Amino acid sequence: MAEPMRIRATMAGDVADVKVLMNHAMETGLRKDSKTGQMIPAHYITEVTASVNGTDVLNAGMSGGISKNPYLGFKVKGPKAGDKVVVNWVDNKGDKNTAEAIIG
Amino acid sequence: MNALRRNVLKSAAGAGTVAVAVAAGLLKPTLAMAGAPRTAFEAKNVGDALKGMGATAPADSKDITIKAPDIAENGAVVPVEITSGIAGTTSIAIIAEKNATPLVADFDLTGGAQGFISTRIKMGQTSLVRAVVSAGGKTYTATKEVKVTIGGCGG
Amino acid sequence: MKQQIIMKLLTGLAGLSIALGAATAHATPESDKQELIKYYTQKYPNVKIDDYVYGALAFDPDSKSQYDAIMEFPPFDSDIQKSRAMFETPFKNGKTYASCLPDGGKQIAGNYPLFDETKGKVVTLEDVINDCRVANGEEAYKYNDMKTMGLLTAYLRSLSDGMIMNIKVVGPKATAAYEDGKNTFFSRKGQLNFACASCHVQNAGNRLRSELISPAIGQAVHWPVFRGGDNLFDIQRRYEGCFKSVRAVSAPQGSTTLNNLEYFHSALSNGLPMKANVFRK
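Chains as they are written, first to last, in this note's numbering: chain V, 7 to 110; chain U, 16 to 170; chain Y, 2 to 282.
Hint data in this document are derived by calculation from the structure and do not stem from the laboratory. These numbers come from a predicted model, not from an experiment. Think of the CB as a built atom: it goes at the ideal place given N, C-alpha and C, for glycine as much as any other residue. Treat the hints with care, as some may be off.
[As the list claims (entries may be wrong)] Taking lysine-lysine and the DSBU-like style, the derived pairs with C-alpha atoms no more than 30 Å apart in a straight line are:
1. U:Lys-162 x Y:Lys-122
2. V:Lys-99 x Y:Lys-148
3. Y:Lys-174 x Y:Lys-44
4. U:Lys-162 x Y:Lys-49
5. U:Lys-159 x U:Lys-77
6. Y:Lys-93 x Y:Lys-65
7. U:Lys-162 x V:Lys-38
8. Y:Lys-120 x Y:Lys-148
[As the list claims (entries may be wrong)] For each label pair, taking beta carbons as the anchor points, the in silico distance ranges come out as:
9. U:Ile-165 x V:Met-45: 15 to 25 Å
10. U:Gly-100 x V:Ile-46: 53 to 63 Å
11. V:Met-45 x Y:Glu-118: 51 to 61 Å
Same shape as in the complex, but just chain V (with noise of 0.2 Å):
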């Protein structure tokens, strides 16, 4: 299935600062193997979801313009050293992947 994603997140201050590396190969349906000269399916991560201690934080809807490997940086006020981090992702195939990390 798909390779898991790395977060790293830290408190800065008193701000949670989540960095998120996701492994997928984002296909935009446009491109064309040079090798067969057939068009590479679509195959995107379509939605991220990420919620700190079971409150959402972040609701995304994604295309095949995000780059191959998707990287997401995002800040959430509130949370402390010691809470967990979840992250999900959903694509286009309905392939699906979850990681989780807690904030240092």
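Position chains U and Y against the provided structure of chain V, taking the given hints into account.
The following block gives chains U and Y in isolation, referenced to the frame of chain V:
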């Protein structure tokens, strides 16, 4: 602007709305089967994307900062960072105006999430990168031009 | 005779004894390097030599800022994980690469290429990998296969990130190999009739169409690179690309010509820290 998408996903009328969208030619059947109606993401020009987002006339704002390169090193991986200084920011969307489908991503921010998003986008050619921010029920926008070249001697 | 020809062809480098070839009295790899450093720093007094490890990026803040943003959490992270798995997976006989390498492979890349007196030739880190494979009953990798040799070196070289480049050129045979590499670097080649030095010495810091040209000092420390974040290039694959760019036929990766070039080229970066792995456009 994302109320439309999330309501369609959550409401029982979701299936009906999707069927209507497919019939209207706005959605390709394959994407409809994937279960996430994404009219705005399918839009092929900025106007339709904004309409699909429910943000037809966002006000220009100097409180939105777009950190993006003047000249992209590689159009496949352009780092873009949007910071919204507008109080009560509830969402940030990123549009690459000349991409085949300009709406690249949109981010609903809740539960203490700040008006800040950092990501990397694909740009097919030189164009404006546009941020659309929702705050207090209104929409705001700012742009920055990013040049994309076809590079040279990368071997 | 040879040194006069090189002088004539590379006017503009007049006064640079490194371009004159081995016959210059008192020329050593260290003096060659110092001479080039003086040449570049006179041309670009505001760029610190420490920043030359960033190549062309040291001359363009807009590019450097993109590099910094991407290097914060590089997209090729999963490739490095794959590389690590390749490196740590035992051979059929149960041994691993670490058993062939000094210190298990940690902080060694800055010593390569080195001149092997017993073999009488320059040996690269990639040669050491293949020697290890063959000694343990495995097939040697093809030097130009980025999916095997290239990918394996990505993790291995990351173990040497920060190591100071430390190429040794001792003795007449090693010196001859170094001079051969220097000759390749300063000789015009290809349909476009450029030497490596035409761009990377004479025009370092200038633009060739839209591309900013990097100086030769600091070039050899930062390999492999992931172009666009996902297209792996090791240094000899890049040499091949340069040869093609001037429309010359390149010697193959792993050949004596390219090994000697890498030997000379790496010695020019002695004293600078290795950087592996990095993003480039």
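Evaluated hints:
no.	hint	result
1	U:Lys-162 x Y:Lys-122	violated, 47 Å
2	V:Lys-99 x Y:Lys-148	holds, 27 Å
3	Y:Lys-174 x Y:Lys-44	violated, 34 Å
4	U:Lys-162 x Y:Lys-49	holds, 28 Å
5	U:Lys-159 x U:Lys-77	holds, 12 Å
6	Y:Lys-93 x Y:Lys-65	violated, 44 Å
7	U:Lys-162 x V:Lys-38	holds, 24 Å
8	Y:Lys-120 x Y:Lys-148	holds, 28 Å
9	U:Ile-165 x V:Met-45: 15 to 25 Å	holds, 22 Å
10	U:Gly-100 x V:Ile-46: 53 to 63 Å	violated, 40 Å
11	V:Met-45 x Y:Glu-118: 51 to 61 Å	holds, 56 Å
When each numbered hint is compared with the structure, violations occur for hints 1, 3, 6 and 10.
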